[in-house]
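A.B. asks: Residue-level listing of the chains:
2 protein chains.
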Amino acid sequence: MRIGIDAMGGDFAPLEAVKGAIAAKQQMPDIVPVLFGQKEKILACFKELSISENELEIVPATEVIEMSEHATKAIAHKKNSSINVAYRYLADEQIQAFIGAGNTGAMLVGSIFSVKAIDGVLRPTIVSLLPKMSGGFGVLLDVGANADCKPEVLNQFAILGSLYAQHVYGIQDPKVALLSIGEEKEKGNLLIQAAYPLLEINDRIHFVGNVEGRDLFNDKADVIVCDGYTGNIVLKLCEQFYYNLSKMGVTNDYLERFNFKQYGGTAILGVNEPVIIGHGISKEETFVSMFKLAKDVVKSRLIEKIKQSF
Amino acid sequence: MRIGIDAMGGDFAPLEAVKGAIAAKQQMPDIVPVLFGQKEKILACFKELSISENELEIVPATEVIEMSEHATKAIAHKKNSSINVAYRYLADEQIQAFIGAGNTGAMLVGSIFSVKAIDGVLRPTIVSLLPKMSGGFGVLLDVGANADCKPEVLNQFAILGSLYAQHVYGIQDPKVALLSIGEEKEKGNLLIQAAYPLLEINDRIHFVGNVEGRDLFNDKADVIVCDGYTGNIVLKLCEQFYYNLSKMGVTNDYLERFNFKQYGGTAILGVNEPVIIGHGISKEETFVSMFKLAKDVVKSRLIEKIKQSF
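Just so you know, the protein sequences line up as chains V and R, in that order. If you're matching positions, the first sequence starts at 882 in the working numbering and goes up one per residue. If you're matching positions, the second sequence starts at 882 in the working numbering and goes up one per residue.
Hints were generated in silico from the structure; no laboratory data involved. Among the clues, some could well be false.
Pairs involving identical chains hold if they fit within one copy or between any two copies, as the list cannot separate such chains.
[As the list claims (entries may be wrong)] Capping the alpha-carbon separation at 35 angstroms, the derived lysine-lysine pairs in DSBU-like fashion look like this: (1) Lys1164 - Lys1066; (2) Lys1068 - Lys954; (3) Lys1056 - Lys959; (4) Lys1068 - Lys959.
With the hints as extra help, turn the sequences into a complete structure.
C.D. replies: Structural data, given as structure tokens:
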């Protein structure tokens, strides 16, 4: 299984991306990492790490999309960026999945421009994991790809999240809920109120109604659906809470499950090929987790399951 | 200063409300608690606590609005409920402030029906405190009174929150931000994008731009503005996170500042009299904090400052 990695993506690229690719190859013999990026810089990392030039495949890409760049403009103009070159490989099926920790918007826009949304999917989405108090993880989506959503888009997120929870995380018959402010059907903002009846009659999901902010870490729902504005605020709040407590030396097994290094990244759901977006501050360990997640997504045949559902 | 309390409000009413009123009177000699509720039940509490019938003033109210009742219907139909009777006293200035831990919606609707919104205020709002890592508190609003907001409503929340931070919490020239997903002006959902230019030219606030979910506990902003759907999710998420960690035995000075008992309740901003809404699970200590907050709001002359600003 050939998995591409944006060697130029992330705050510590290319060195940490290269280290991640090497470690992933060692730990998972069934994957072949393919590095996309500026060849001289990648080779300099090889030298620093004392590995031979032939250790990993490099696909040269002369340009780099910076973290701060406007995603759509960068994807449109930097044709030879590592992200664009990798997406061409992905579209041509020369790699089976693509991971990157660079500009999130560019990773997302690039996926829609190249491998494209699955027929019938209105808006591809990105998900995050919720560490449950009882063990295991839940899925929260959207976490930032779609700041404003229509009710029918939330209804699709419910299906996408449900398939992801089921096929990648092995959660049987995942319970799906809308994130709201009150459990009753009529509670919530106008978006949630309008989405509720759509999810209620959606026979492709196991809808359990509304949950509240206090329910994110309990077992009321395995898949929690909201717009990307709300989901992104929840995600960043949780990450920061974990980080603040770590800095204070407060830690335990449960809190460590908020450490993004362990699960690495977020899948883009609803596009035609597997793509994993990583955190900008990713280091070796996180890139390894991203490779593992990409492999799990490929092996689960998630994309085919999604195609069958739409 | 006469401060009314809904003796029937909260999961442990009337006993804990009565205990809170007694303790508040002992701790703050300048306040006179006035209990609203079913007289026999309140007197039974007096007996249980071995205090005389004349220890605290009771204003009889025969009905009780339950936690689960529809707020507007209950306020409209239960004219002799403790909440409605207390609001009549507040409107008549027979009490200077009102606190209650009962049905939040009824407390809110009751305030708008009785003492009414301040002229010019589009939507009264409820706020929550954010414990800052560096010490002190920030203010988040709205946290649930207004699930859907228009941009001009967020602009008013910015003024209300700013005045509250300044006059009740002594934060000079409070920095005001919009809660968004990206710091740049063009980032966020449509609501935040539309509100940004309004706050930018609002000379009654010190606007510092957008902050993200990760900035809730740092010093980028003292007042963070969002719609009530988002704010309520953030509030309940934080409360639950604190609660989950407490249950695990994880605690420290910082985490203890998330304990709502210490600050007691949330003020309704934008109505003509001081009202404090408490958590349903409030006990004695929390009611004391609510009395203290009500006293602070009265002493700060916050309502007059708000009236002058609108």
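A.B. asks: Now look at each hint and say whether the structure bears it out.
C.D. replies: Structure-based check of all given hints:
no., hint, result
1, Lys1164 - Lys1066, "between (43 angstroms within a copy, 30 angstroms between copies)"
2, Lys1068 - Lys954, "between (40 angstroms within a copy, 15 angstroms between copies)"
3, Lys1056 - Lys959, "neither (42 angstroms within a copy, 38 angstroms between copies)"
4, Lys1068 - Lys959, "between (46 angstroms within a copy, 22 angstroms between copies)"
Of the numbered hints listed earlier, the single one contradicted by the structure is hint 3.
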